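Residue numbers (the UniProt record's numbering), protein chains in the order written: chain A, 1 to 416; chain B, 1 to 416; chain C, 1 to 416; chain D, 1 to 416.
Derived from the structure by calculation, the hints contain no laboratory data.
For clarity, every value in this text was computed on a predicted model and none was experimentally measured.
A few of these clues could be false.
[As the list claims (entries may be wrong)] For lysine to any residue, the following SDA-like pairs were computed, each having C-alpha atoms within a straight-line distance of at most 20 Å: (1) A:K234 / A:E58; (2) B:K83 / B:R214; (3) B:K83 / C:A98; (4) B:K234 / C:A98; (5) D:K230 / A:A98; (6) C:K234 / C:A218; (7) B:K230 / C:A218; (8) A:K50 / A:D259; (9) A:K230 / D:K230; (10) B:K50 / B:R181; (11) A:K83 / D:P223.
[To be verified] Just a few of them, taken from the derived set where beta-carbon distance is under 8 Å, the chain A residues facing chain D: (12) L10; (13) S16; (14) A29; (15) I63; (16) N212; (17) A216; (18) A218; (19) V220; (20) P223.
[To be verified] Covered by chain D, per the in silico footprint, the following chain A stretches (three or more residues, Cβ under 8 Å): (21) 65-71; (22) 100-112; (23) 194-204; (24) 235-246.
Even glycine gets a Cβ: it sits at the ideal position worked out from N, Cα and C.
Number of protein chains: 4
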Amino acid sequence: MTLSRGRDVLAIPGPSIVPDRVLNAMHRAAPNIYEGELIDLTASVLADLKRLAGTDGEAVIYIGNGHAAWEASVANILRPGDKALVLATGRFGLGWAAIGRQMGIDIEVMDFGFTGPVDPAQVEARLRADPHHEIRAILSVQTDTASSVRSEIAPIRAAIDAAGHPALLAVDCIASLGCDRFEMDAWGADVMVAACQKGLMTPPGVAFVFFNARAAAAAVDCPSPYWDWKPRTKPDVFYQLFAGTPPTHHLYGLRCALDMILVEEGLEAVWRRHAVHARAVWAAVDAWGAGGAFRLNVADPACRSHAVTTIRVESGDGSRLRRWCSDMAGLTLGIGLSAPGIDPEGLFRIGHMGHLNPHMLLGTLATIEAGLGALGIARGPGAVEAAAQAIVGGGGSAADATSAGLRQVTAARLHG
Amino acid sequence: MTLSRGRDVLAIPGPSIVPDRVLNAMHRAAPNIYEGELIDLTASVLADLKRLAGTDGEAVIYIGNGHAAWEASVANILRPGDKALVLATGRFGLGWAAIGRQMGIDIEVMDFGFTGPVDPAQVEARLRADPHHEIRAILSVQTDTASSVRSEIAPIRAAIDAAGHPALLAVDCIASLGCDRFEMDAWGADVMVAACQKGLMTPPGVAFVFFNARAAAAAVDCPSPYWDWKPRTKPDVFYQLFAGTPPTHHLYGLRCALDMILVEEGLEAVWRRHAVHARAVWAAVDAWGAGGAFRLNVADPACRSHAVTTIRVESGDGSRLRRWCSDMAGLTLGIGLSAPGIDPEGLFRIGHMGHLNPHMLLGTLATIEAGLGALGIARGPGAVEAAAQAIVGGGGSAADATSAGLRQVTAARLHG
Amino acid sequence: MTLSRGRDVLAIPGPSIVPDRVLNAMHRAAPNIYEGELIDLTASVLADLKRLAGTDGEAVIYIGNGHAAWEASVANILRPGDKALVLATGRFGLGWAAIGRQMGIDIEVMDFGFTGPVDPAQVEARLRADPHHEIRAILSVQTDTASSVRSEIAPIRAAIDAAGHPALLAVDCIASLGCDRFEMDAWGADVMVAACQKGLMTPPGVAFVFFNARAAAAAVDCPSPYWDWKPRTKPDVFYQLFAGTPPTHHLYGLRCALDMILVEEGLEAVWRRHAVHARAVWAAVDAWGAGGAFRLNVADPACRSHAVTTIRVESGDGSRLRRWCSDMAGLTLGIGLSAPGIDPEGLFRIGHMGHLNPHMLLGTLATIEAGLGALGIARGPGAVEAAAQAIVGGGGSAADATSAGLRQVTAARLHG
Amino acid sequence: MTLSRGRDVLAIPGPSIVPDRVLNAMHRAAPNIYEGELIDLTASVLADLKRLAGTDGEAVIYIGNGHAAWEASVANILRPGDKALVLATGRFGLGWAAIGRQMGIDIEVMDFGFTGPVDPAQVEARLRADPHHEIRAILSVQTDTASSVRSEIAPIRAAIDAAGHPALLAVDCIASLGCDRFEMDAWGADVMVAACQKGLMTPPGVAFVFFNARAAAAAVDCPSPYWDWKPRTKPDVFYQLFAGTPPTHHLYGLRCALDMILVEEGLEAVWRRHAVHARAVWAAVDAWGAGGAFRLNVADPACRSHAVTTIRVESGDGSRLRRWCSDMAGLTLGIGLSAPGIDPEGLFRIGHMGHLNPHMLLGTLATIEAGLGALGIARGPGAVEAAAQAIVGGGGSAADATSAGLRQVTAARLHG
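Please take these sequences and the hints and turn them into a complete structure.
Written out as structure tokens, the structure reads:
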């Protein structure tokens, strides 16, 4: 008998939970696409996307998904035959590399494995060994959604500069934008790609490419009218922003999501919230690991994503656990993804990105606790309590309550 | 700093969480109220409400709330000056009594306190002491939302019959319908009142009165055209069902909610789910109580509601806890309600009625755990684990998974 | 073959079309009913309802429909046996009278027929003939939804004053509030009743009673706790505003509707818009009537509602036309309602209240034109053109376009 | 003063009006993208898209707009340097040609002007003049959204065959799919492109490419992983269907729209409805033209789109009219689009595609009537009446009413 008759919750690393308000914003009549509100709204969305990315450069919205953004970024800065260096820390760095290869780019992968970040020293060494600057671009993910490894971006820029190399630095923030701190201009990224269905809390359907003046100057003649970012950033007419019909309802959804992030909560607070939630997940996994096979895929907390956590278990236990949580309790966890030398059956993932509060996150951890019990999987005690403590320590202390706004209680003592 | 930026959740004892599907069903253009779909839909809603109540009698939908249903029931079976016996187990029995008194009814209250159920023997004794049958009706709540005491209804009927007394038995199922087992005809209730915003998972706005042939025969000339149940059950024209304009959108919402309860899950499964969730709450409170002041208001599990749990704490701790959960974690708990001799500050309540799965319930308990930690309130360990175990023991065992439908996994190994 | 596959439209005199924004506002999670946002929102709704009614008196929201408001108003100002004078101009005045009689009030009806307004002189004469002031209250509808007759309210007050009579004046604005000008305090109404599903554009479910200090002073001991307006206007605790659980989602819907009316459009503009739309309907009917049996039920334009128009046709033609429009074209027209001496089959009604623009109204008139053609019903030509002209003359002249806000055209010349 | 305070309506040639039910279907929690319902739903959507297209070939869904589909189709069948013949009847044929040229294709345009269809004889002659079969593909629009010219597709196939030429025939049905009859296999189209926001009534965001075995056999090595249709039609894992994250909410919307088209109304009835509505528009324009400059851009009814109508007016009148309708009456009309020798200011367009019934269409025409009057633009009389007659003649005759389902009238005579 299933008890799963309430609201299903997704704790996968994207698509993430869509706020009711975003859904409401998208629940509207088709707007005029020639004039009026939509035109202004689009301008404001583009401006706020840049704020979110930390850049004064350009922002482009593609109707597409993360793979579309990968391809769009490559199509604008690399020609077939050009050389690019991909810095991989899991499945998604390798995925971007594969896209590039299919497009005819001469891709060289520096694989940093599945459990740790990019090593800037190795990048610098490689660039020093490229005296003729054949490497036109370096592609790096900030957070690899498969491994949950998070790499520092500024040191990669420093390594490139130290090597005196002109290569462009392109960063995949698909799984990190709006979750982990990212500052495009300050950190020296030239290109950045992202999508709407993770930290931006909007149903999948649009993806983003940001680029700065260096990237614009280095851009190639794009062979694809759809991916070409030039008319999309210097449009004569509105429709060029989207190479045709705009994604009307997604624009309304994004407007709402950006208001929630930038206006209501504030970007610094969003990042801090994600950090606290991440620490709660880590505390639970550490507690489970004290009495069983559980462990965090990434040992060093400084290199862990704040948006997704990959967990190692006995092979097969991840699938059993996911099945139980889904069938019995209304919780969908993320599957393990394969990588060289990695058995996906020995992994599962918890997404903790976007529209999340302690109730939702602790419910996820407590449901896993129940599932482990139901399945007789060995584990240490006190995981949920440890997570609860991390929540308290990280942000939810009583002393902070005042800042949350002490709403006046108009008591309603009689009726329930 | 608040972390409460995801979906707020209500764990109050009504209004309960509205399923997205019910909201969607209510998100529609105004229908024709003269002919077509709405007419048929209303007939089906009335029929299914009777199934839910376990009666072949009549069902009436009032645009109103629980208090409206209280008043409507009284207005149809009692005249000013008539005598009625109210069996109280908390604030809401007393509330029904107060309504009756304001209407001029000669109300006598048998108060069974705040922590235990109606005692049928005392009812029988009282009726035997009424040889002239002055008592026209007995009003009893099944579950008192304030105390979370649940009384058995069939033994009350047996007591009335044993006393050979003709009084009507009217039951308040506002907090129990669709949560705790209730069988109107089998248990011998003559009148039953309920509302839509608890087990029926619909926004507040309509309330119900059910009655059988005995009640119809004993009905008085109702002085209120609005409360009068006669034209509402034998209408010449559709509008009489609602004494005027029908509650169009609520009818669509109810249709959806009834489908979820009766067709998709099944009423027996709904009741079992509520029982399991209730046991999970009790297990958590028992664990907390092992190291602190926490205890369940109702000692005997057989007399506890499956829809709401009242918890005793140190005076003031309930309010502090509720505030923390609301401000920090997106969780709204139920306030304590006063009753004779009861300090509402020494209580709080958890609603676990309606649209609920283990993820949501365990999230609530784990959030309370975090709040207790943040506030430094003494408590025993292992509460959430105990609740998780109760979930597993009660319904979510792995062996049951098959019956939940082993959905085919179309693996999506690469992308996350 | 039906062509009715687009969005059905209601042109009945209530429930009226619900704006998408109101539906969106109601599409939300259940709120906390004890504290926070809902408390403040309710206060603002009550304040704005008073602005809408033009009163500094009290406003009460009942979960109920128009009949509930009728009963509530009577229950607070009249006791069984009290005498009241009902001024009837159609079915709904008679309906209010019938409600009063069932409640035991000694109702006297002054029936002004089905095609013209209340005559204040007759009212004054009747009151002069009541030297002992046995008449406690005068009940009058502003607009009778059945006949579409609209009566002037201020002259009725003047008549009462001229007679030096202390009777309360209660007015039914169910079909007129938010459509036709109404100024409660300025016009001297003591009590006013209305509901949400007409000019207020919200799904049926709540109704309103407004009253001034005179009515408060004259109020009786209300025998019904639910209708009693006293605790609802001087509540100790929030729940008393609604005698129990509040109509949560309707409050959000009302908040949105009131913003649309009072903030965005402005009440004077709302009234003017309704006047223009009404004149368009009249122009069309006059044109049809030039070649057939069509005529407006109310001859004098000054006595016609701006919210609903009752149209006389050959007996049976109304039903045939309504059927054709509904089955073939997605348009629901209002049925004719019987009254003494009136054959409902010789009537149909067009509702033009609330959320309406020229596109919707002209679509309704042009669909009727099509239906008349399909059914071979004789009529004059040029009806829709006449209506279009009335629109233009009334508000949509080109010179006005500037005030509508000349939105910048960002031309999108290439794509369609 | 604007009267535009009801529901705005779009009568542009796409995005078209989104049915409330489609919006409701998209208003839902994010689904699991790895297993369960979404997988099955996607399979059913693909199958039904093929039914809609009339093909047993393959269907591919791209997250993208119409331009994306244009590019995807070219990228799979043509290499840079390959020769293709574009048959243009307006702006959009030229647009597809421009896309191809930017992709490096050797595009030759046969321009049939702005007011008439493709001439198959000329196509045949051109192909006979290509003895070495250098032309790899012929690209033709069925309906050009700018000119509203509709060309016959089967004769083009016949011309190709008559010339004994192996060129692939690719057809743009973006503005016609689900509006005008199209039978991909029967008519011999090898490739077809479309999008969701016109006849499919879904917010913009996904586009479609269909192809048959001939096209599959002739497909080139696609240089773009995103456009490559091969992994999308023979996926090993689900995510390959969309080259990454699926367009979750659009899939739910499409499922609903396809049910409305294929199950509830039936494709033949959908086509017939569009034909009737188109004839109503033509009748109105003809009537206006009798007294002014109005005329239909396409003289021959057999060559007119059933989804969009381009109308010629005095230069500037289109813009003035569009402005008035939008500002005053809540109606958005389509702008004129430039083409060689065509002044866009001398055009405007009415979209009549998708979710449309006579009420909506007649409202559009009557609003235009009002606007012409307000602006003093000369025109003939009786336009709306002529349109109404066309509605009746085309489908809405009384004799047909029975088939619409004679719904039982449960009369509600008293209340309005």
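Verification of the hints:
1. A:K234 / A:E58: Holds: A:K234 and A:E58 sit about 10 Å apart, inside 20 Å.
2. B:K83 / B:R214: holds, 18 Å
3. B:K83 / C:A98: violated, 30 Å
4. B:K234 / C:A98: Between B:K234 and C:A98 the Cα gap is close to 19 Å, so the pair holds against 20 Å.
5. D:K230 / A:A98: holds, 16 Å
6. C:K234 / C:A218: holds, 17 Å
7. B:K230 / C:A218: violated, 32 Å
8. A:K50 / A:D259: holds, 13 Å
9. A:K230 / D:K230: Cα-Cα ~29 Å, so violated.
10. B:K50 / B:R181: holds, 14 Å
11. A:K83 / D:P223: Given that 20 Å is the threshold and the Cα spacing comes to 17 Å, the pair holds.
12. L10: holds, 5 Å
13. S16: holds, 7 Å
14. A29: Holds - the Cβ of A:A29 comes within 8 Å of chain D, reaching about 6 Å at its closest.
15. I63: holds, 5 Å
16. N212: violated, 24 Å
17. A216: violated, 19 Å
18. A218: violated, 20 Å
19. V220: Violated - the Cβ of A:V220 stays beyond 8 Å from chain D, reaching only about 14 Å at its closest.
20. P223: holds, 6 Å
21. 65-71: Held - the segment 65-71 of chain A has 5 residues with a Cβ nearer than 8 Å to chain D, which meets the minimum of three.
22. 100-112: That given contact holds, which follows from 3 residues of the segment 100-112 of chain A lying within Cβ reach (below 8 Å) of chain D.
23. 194-204: Coverage by chain D holds here, the residue count being 4 at a Cβ distance below 8 Å.
24. 235-246: Our answer is that it holds, as 5 residues pass the Cβ test (under 8 Å) against chain D, meeting three.
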